[in-house]
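Chemist: For what it's worth, my numbering labels the leading residue of the sequence shown as 46, then goes sequentially.
If you are wondering where the hints come from, they were derived from the structure by calculation, not from laboratory data. Hints may contain errors.
As the list claims (entries may be wrong) - For lysine-lysine, the following BS3-like pairs were computed, each having C-alpha atoms within a straight-line distance of at most 30 Å:
1. Lys82 x Lys198
2. Lys82 x Lys205
3. Lys206 x Lys303
4. Lys256 x Lys245
Being a predicted model, the structure only gives us computed values, none of them experimental.
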Amino acid sequence: MPAKPATILASQTRLMKSKFTKRTYRISISLPLASFKTSNRSWPFDSPLKKYPVVYLTDANYYFGMATEMTRAMSWCGDSTDAIIVGIGYPEDENPPEAWRDAVIGRNYDFTPVADEKMEKRDSDWLKRKLVTGGAPKFLQFIEQELIPVIEKDFPADPKKRVVAGHSLGGLFTAYALFAAPTLFDTFLICSPALWYGDKTIVKQEERFAKRRKRLDAKVYLSIGELEEDADNSMVGDFVHFAAVLKSRNYTGLTLRKQIFPDLNHCDAVAPGFQAGLKFALKKE
Numbered sequence: 046m047p048a049k050p051a052t053i054l055a056s057q058t059r060l061m062k063s064k065f066t067k068r069t070y071r072i073s074i075s076l077p078l079a080s081f082k083t084s085n086r087s088w089p090f091d092s093p094l095k096k097y098p099v100v101y102l103t104d105a106n107y108y109f110g111m112a113t114e115m116t117r118a119m120s121w122c123g124d125s126t127d128a129i130i131v132g133i134g135y136p137e138d139e140n141p142p143e144a145w146r147d148a149v150i151g152r153n154y155d156f157t158p159v160a161d162e163k164m165e166k167r168d169s170d171w172l173k174r175k176l177v178t179g180g181a182p183k184f185l186q187f188i189e190q191e192l193i194p195v196i197e198k199d200f201p202a203d204p205k206k207r208v209v210a211g212h213s214l215g216g217l218f219t220a221y222a223l224f225a226a227p228t229l230f231d232t233f234l235i236c237s238p239a240l241w242y243g244d245k246t247i248v249k250q251e252e253r254f255a256k257r258r259k260r261l262d263a264k265v266y267l268s269i270g271e272l273e274e275d276a277d278n279s280m281v282g283d284f285v286h287f288a289a290v291l292k293s294r295n296y297t298g299l300t301l302r303k304q305i306f307p308d309l310n311h312c313d314a315v316a317p318g319f320q321a322g323l324k325f326a327l328k329k330e
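Given only the sequences and the hints, what does the whole structure look like? Please build it.
Modeler: Written as structure tokens, this is what we have:
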């Protein structure tokens, strides 16, 4: 029997081309198993919801499967609600190494709030391709004006329970969205954020926000690995400072949680960061 690609139960993919970024995205969507009709409503499918929270996940090429199964497992054995996972990724039509490089090029544009010529040169050199940065404003427009309306039209999505999640540059984008569109999402999962990027542009963005606003109605989860600090980028130091500043602002409506994972580096911290963040975002009320 010929081999077939592995699939995730109750999931689908569709391609969407954005008029804002001019890019085509591979949107991966997984649905709660309890949302399907069945004659057997025994555990764990005995309490289907009319509307489900939606997690908008960056870097779906890497993390969609993990986030889907984490969310399902926690809903079966804990205090979490199941959710629709909407993974935002890039087409995978080329051979695996080239598809991986395509995703790197896409994310480095989509997740970065401002252009950074130094990073463009550095990453273009090792990718052997031209890389451009600074597309986060347009990427956020894509999510808000193109993606979310489709998801909330086609699926049982609760518009009051939107979650956005990202790691590394994805965490940078999630932090950017917190101040650029603070009411678009209910919860922001900011994991191992690249706060150093663009001469700490997010720190400056938050400072501008704080001068205009005293209210920030959002749940924010921040995580990082203890071993992420290095000689080039003060990942942990920047993270601790950013969290302390957010806390010191005393924003009305802000719920903030910070977590540092011992003995974990930047890549190690992906799974525990997302798991704890999803538990924080999807805790049953």
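Chemist: Each hint: holds or not?
Modeler: Hints, one by one, checked against the model:
no.	hint	in the structure
1	Lys82 x Lys198	19 Å, holds
2	Lys82 x Lys205	24 Å, holds
3	Lys206 x Lys303	21 Å, holds
4	Lys256 x Lys245	18 Å, holds
Figure legend: structure checked against the earlier numbered hints; every hint is met.
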